[in-house]
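Given next are the chains, with one letter for each unit.
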Amino acid sequence: MKPDSTPDSVITFTQRKSELHKLTRRQLLKRSVAIGGSMVVGGGFVAASSATWALEVQSGEPSMMATLVQMARDIYPHDQFGDELYVAAVKGHDEKAAADAPFKQFLEEGVGTLNTLAQDQGYKHYLNVGWEAERTAILKSIEDSEFFQTIRGGLVVGLYNQEAVWDLLGYEGSSFEKGGYLERGFDDIQWV
Amino acid sequence: MAAPFDVNDNSVVVIIGTGAGGGTLANELAQKGISVVALEAGGRHLPQDYLNNEWPSFSQLAWTDMRTTSGDWRVAKDFPNLPAWIVKAVGGSTVHWAGASLRLQEHEFRARTEYGDLDGANLLDWPVTLKDLEPYYDKAEDKMGVTRTNGIPGLPGNNNFKVMKAGADKLGYKNCHTGRMAINSEPRDGRPACQQLGFCFQGCKMGAKWSTAYTEIPKGELTGNLEVRENAHVLKINHDNNGKVSGVVYQDLEGNQFEQKARVVCVAGNSIESPRILLNSASSLFSDGLANSSGQVGRNYMRHMTGSVYAAFDKPVNMYRGTTMAGIITDESVNNPDRGFVGGYEMETLSIGVPFMAAFLNPGAWGREFSAAMDTYQNMAGMWLVGEDMPQESNGITLSDEKDQFDMPAANVHFDDHPNDVAMRNHAYQQGMALYDSVGATQTYPTPPYPSTHNLGTLRMSRDAKDGVVNGFGQSHDIDNLFVSDGSQFTTGGAENPTLTIVSLAIRQADYIEKQMNERTI
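Listed in order, the protein sequences are those of chains A and B. FYI, the numbering used here numbers position 185 of the first sequence as 185, with every residue one higher than the one before it. FYI, the numbering used here numbers position 279 of the second sequence as 1279, with every residue one higher than the one before it.
Any given hint might turn out to be false.
Claimed, not checked - Counterexamples of contact, computed for chain B against chain A with all Cβ distances above 10 Å:
{"no.": "1", "residue": "GLN1195"}
{"no.": "2", "residue": "ASP1288"}
{"no.": "3", "residue": "ASP1404"}
{"no.": "4", "residue": "PHE1406"}
{"no.": "5", "residue": "ASP1478"}
{"no.": "6", "residue": "ASP1480"}
Said to hold, decoys possible - Rough simulated footprint, nothing fancy, chain B against chain A, three-plus residues with beta-carbon under 8 Å:
{"no.": "7", "region": "154-168"}
{"no.": "8", "region": "175-185"}
Said to hold, decoys possible - Short derived list, chain B residues pointing at chain A, Cβ under 7 Å:
{"no.": "9", "residue": "TRP1055"}
{"no.": "10", "residue": "LYS1077"}
{"no.": "11", "residue": "ASN1158"}
{"no.": "12", "residue": "VAL1163"}
{"no.": "13", "residue": "LEU1197"}
{"no.": "14", "residue": "ARG1321"}
{"no.": "15", "residue": "GLY1322"}
{"no.": "16", "residue": "ALA1358"}
{"no.": "17", "residue": "LEU1361"}
{"no.": "18", "residue": "ARG1368"}
For the record, the hints were derived by calculation from the structure and aren't laboratory data. Note that this is a predicted model, so its numbers are computed, not measured. Beta carbons: idealized from backbone N, C-alpha and C, even for Gly.
One chain only, chain A, in its complex shape (with noise of 0.2 Å):
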């Protein structure tokens, strides 16, 4: 893998994800400036410390998408789900960013907030921000900015709307290729 090579304009996470795997942490870590949980490899990515997984990011600003990733998961947090669904959840800002200099400059300046606000409270920035608590007080400061309801709109269809969410959440969605539900527990409880 050449993390400095061209970005393909497609690649799939999971791709993405099983080249990753093939680094070493050592090799990882020696490509990459930890910021919070996540880092970010030189040459355009942004991946975990535990390099379960990495975004190629379009909009040439790795630590801004690593930024909008914890933000995603303070939004909506599921202890169980992978940073990979959150990274699924904003990708499309980043691509959207690529092509749009306006829209890149929008969340380069919410994401600068963001950091400023954290550094008011004694942070590098944001990524550095201790407890959850303490970064959704932060997010809580600007819930009605117009950055916020973006990200926080986006993530609504973004984060939920993901067959991965639905699998976690115990919800198993179109039955009629199987037969509907009526043999599949339709009234299959027993505890009322």
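For chain A, the structure is supplied; the task is to place chain B on it using the hints.
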């Protein structure tokens, strides 16, 4: 002359919309040998096309043309351009509806007499009684195959119903069952029995649920007397020098405009679009819009008092499995002012999938309280609360400053809750939460109203022409050959899901139109 009809054929009845009202009326008239052109704004989607996936289905079916909102209802804040969740397709909202088929109660037809003069409420008795409508309710229930009528067995109860029933028993409610549903519990009318797919709101992929899209419409077309023109978006209704309506202007997908000439025009575009069309048809003769001498066109908009209660338990429920709304408690639908409000409400099972739960559980909410609620999804039970809301003259449809894709003024939907609506909703929340608490809920979530699915009252029936827009047969007080054939006719809303009443009124109206045409009064 057989369908298709020429646009200059002025002998036809033109029906705008093909949902519960328009689709039923189209078939009923066609069966009588009357030539009908039905103009449908949307395309034709049939069971094989329906998508059992909430957002893609929404994109396929929902009416998402520009609309605006105002008023103190929360929908105006959370979904400012989506006041209603209704369908733009052949079959209208009968594609999307849950199938609950309830008759209005006797006292609900005379709400003004029964409830008295409430401050801020523009109550009126219907010019129709339950007795007038009973023969047509009989016909509608037979046509639609409503369970628990005509010897049709009830649907089996799913997990969500089992929780509701256990709670109803604990609370001492006496009337809880799997509903009167226009969903086949056994094969009937060439359609199969329900296989408990879930996704009733996304269009029934088996066709077990009655929808005009694949019952009334094809039956009418088979007579050769009905032409359904799809993707024909109506812009306005024209009239002649005598003040009779004479044709309907519509636009096709390519942007071509046509005028279909008409002997009779029936408006059935739902309670938002129907008044909008009449308002957009203003002329020098009718400067306030068609059929509006009373000034009531677009007013008295009702959306039913609604709300939902979801509850989390310590064990799985999997409420989404099976028929969405086959569960009802009717005990609270009586009028008992001792509860602090007039009118009543129904409690009905309801479930939505994870994608819509995220959007509707508490719109705008975020943080751990919200995501913790989402984490309980598999263990949730849910119910919808639907009751009579008060007609208010200031609630309604006006022409917005915004334009739609046809450059026509969009509908603005204004709604403020009446204090009676608020009191009823609070009572309903308390009862719903108490019900789930009684069977061991660990959390309850009183969920705000969704974008409106029951849109009623904006062209209401009245005995006296000064109080409403149409008479007891849905005929305009002002223009004899103009009819209203959808839920806009409702003088008041009642507590019940409106579709069965809309269908019954359409069957009755068809008899009336036939008689009037034979007598050449129209």
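Going down the list of hints, with the structure as the test:
| no. | hint | in the structure |
| --- | --- | --- |
| 1 | GLN1195 | violated, 3 Å |
| 2 | ASP1288 | holds, 39 Å |
| 3 | ASP1404 | holds, 23 Å |
| 4 | PHE1406 | holds, 28 Å |
| 5 | ASP1478 | holds, 45 Å |
| 6 | ASP1480 | holds, 47 Å |
| 7 | 154-168 | holds (count 7) |
| 8 | 175-185 | holds (count 8) |
| 9 | TRP1055 | holds, 6 Å |
| 10 | LYS1077 | violated, 12 Å |
| 11 | ASN1158 | holds, 5 Å |
| 12 | VAL1163 | holds, 5 Å |
| 13 | LEU1197 | holds, 4 Å |
| 14 | ARG1321 | holds, 4 Å |
| 15 | GLY1322 | holds, 4 Å |
| 16 | ALA1358 | holds, 4 Å |
| 17 | LEU1361 | violated, 10 Å |
| 18 | ARG1368 | holds, 5 Å |
Hint check: violations occur at hints 1, 10, 17; the rest are consistent with the structure.
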